[in-house]
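**Student:** So you can see what is in the structure, the chains are spelled out below.
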Amino acid sequence: MKKYIIYICFILLIVMLVGCPGSIDHIAWQELSSGYIYHEPAGQPLIEKEYSGKGIPGLIFEYDFNNDFIIAFGKDVQLSEEKRNELITNGDLYDFVKKTGYPEYWIIVHANDSIYGPYLKEEYLQKREELNLPKALVLKEE
Amino acid sequence: MKYTDLSGFIVQAEDPPEMQVLNPGWLKYADPTHLNNYSPFDFLESGGGGGGGGGSTYGKPGEGENGPGLAGVYYDHVSGTYRSTAPGNPELSRAGVTEYFHYLMQPQGGGDVNILSAYWHYKFGGGTDYYVDISKVDWTMLSEKDFPGGVGSIRNINIFNIKPLSTTGAVFGDIRLQYLGNNQIKVAETNVNGEPYFDTYNYNIRWNEVMNGENLKRNIVTGFGWVLTNMPWHPLLFNTYGGKSYKFFFYGTGTIGGGQ
Numbered sequence: 022m023k024k025y026i027i028y029i030c031f032i033l034l035i036v037m038l039v040g041c042p043g044s045i046d047h048i049a050w051q052e053l054s055s056g057y058i059y060h061e062p063a064g065q066p067l068i069e070k071e072y073s074g075k076g077i078p079g080l081i082f083e084y085d086f087n088n089d090f091i092i093a094f095g096k097d098v099q100l101s102e103e104k105r106n107e108l109i110t111n112g113d114l115y116d117f118v119k120k121t122g123y124p125e126y127w128i129i130v131h132a133n134d135s136i137y138g139p140y141l142k143e144e145y146l147q148k149r150e151e152l153n154l155p156k157a158l159v160l161k162e163e
Numbered sequence: 014m015k016y017t018d019l020s021g022f023i024v025q026a027e028d029p030p031e032m033q034v035l036n037p038g039w040l041k042y043a044d045p046t047h048l049n050n051y052s053p054f055d056f057l058e059s060g061g062g063g064g065g066g067g068g069s070t071y072g073k074p075g076e077g078e079n080g081p082g083l084a085g086v087y088y089d090h091v092s093g094t095y096r097s098t099a100p101g102n103p104e105l106s107r108a109g110v111t112e113y114f115h116y117l118m119q120p121q122g123g124g125d126v127n128i129l130s131a132y133w134h135y136k137f138g139g140g141t142d143y144y145v146d147i148s149k150v151d152w153t154m155l156s157e158k159d160f161p162g163g164v165g166s167i168r169n170i171n172i173f174n175i176k177p178l179s180t181t182g183a184v185f186g187d188i189r190l191q192y193l194g195n196n197q198i199k200v201a202e203t204n205v206n207g208e209p210y211f212d213t214y215n216y217n218i219r220w221n222e223v224m225n226g227e228n229l230k231r232n233i234v235t236g237f238g239w240v241l242t243n244m245p246w247h248p249l250l251f252n253t254y255g256g257k258s259y260k261f262f263f264y265g266t267g268t269i270g271g272g273q
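Order-wise, the sequence lines are chains A and B. Counting from 22, one number per residue, gives the positions in the first sequence under this note's numbering. Counting from 14, one number per residue, gives the positions in the second sequence under this note's numbering.
Please note that a few of the clues may not be correct.
Calculated pairs, BS3-like style, for lysine-lysine (alpha carbon to alpha carbon, straight line, at most 27 Å) [what the hints assert, rightly or not]: (1) 199/B with 75/A; (2) 257/B with 104/A; (3) 260/B with 104/A; (4) 120/A with 260/B; (5) 120/A with 257/B; (6) 176/B with 70/A; (7) 119/A with 230/B; (8) 120/A with 161/A; (9) 120/A with 230/B; (10) 230/B with 70/A; (11) 75/A with 260/B; (12) 161/A with 230/B; (13) 260/B with 70/A; (14) 70/A with 158/B; (15) 96/A with 260/B; (16) 70/A with 199/B; (17) 119/A with 260/B; (18) 257/B with 119/A; (19) 158/B with 75/A; (20) 96/A with 230/B.
Hints listed in this document are in silico derivations from the structure and should not be mistaken for laboratory results.
Looking at chain A on its own, in the form it has when it is part of the complex (with noise of 0.2 Å):
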């Protein structure tokens, strides 16, 4: 008896140390430029502008950036709100958006603190040239 007590203590505390899903957010977690993060809340990936919420709609499957620029790629997709609340409680929202969401590029400068979008890909590619975005900056779905 008390080696199973023992054993569901030891459990439990490597589930409380490792796998809790306080720790997947914080992995989830990166701050980008200019008060912008990328974040998993509720596991949909979004981009948004701390203290202003201000972000770029619909979720987030590639982005880039640097001191000036953030580029992403991302997919969106009109649902109710009862199916949406049921693929974010089931964890699958993500799967479904990528599988059936229309793909949308998106430019946030910080110099005039805009978000451009979202473009179909021959548009960002031009908005691209227009900005001077540097090459540097790219997303495997360009």
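Got chain A; can you put chain B on it based on the hints?
**Tutor:** Frame of chain A, contents of chain B only:
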């Protein structure tokens, strides 16, 4: 007369108030719906010995005046007995009823959350929502300086980065808070997309990323957490295998530390 309700707790057993239905604290882990066929009172059942016997001389949960049950137990107005909501609705033994009253008299944790209760709800909550009263959560690791935007500003804060072994850090991690002034905070009502904000307790491994070798660290940690939380407590305790993801909803206001 044996089981008259001197304490008044029978009222809860019959018809829990709405908030308790949504959030009866740890009572809801008892899975009153028996979707998981789990109730802490299953072992207290009289086992049918001399009990109600055949015929339907008792009412079922939700029938007539009977409530739906709380923590797997309901009061049957037809026979005047406490019965289990499990199939067959066996009458509780005298010891069972005593234990039930003890159970009801415990602090019911309405709105409380800790690492263990969150884990327990994952195992036995059947995916039902978990309502958290944030006034009962420790926020002293935060201070006014964490809200440079001042009163009314909203900020996503990763508590795990600040204090990993706190309830807020280990259970919620990344949480969206609004500063109300006077060291008071609340959880934001909407996310950046304007959708109602909630947190989730789940372990979603992105299998296609695993196949492509993307986000390895994230998916390894998620997978490790998934295995640990889903494993049974003992190979023979089948109802402790697995778990169900659920949503955290928040209400109330919390107090942060007073430091600058």
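**Student:** Hint by hint, which ones does the structure fall short of?
**Tutor:** No hint contradicted; all consistent.
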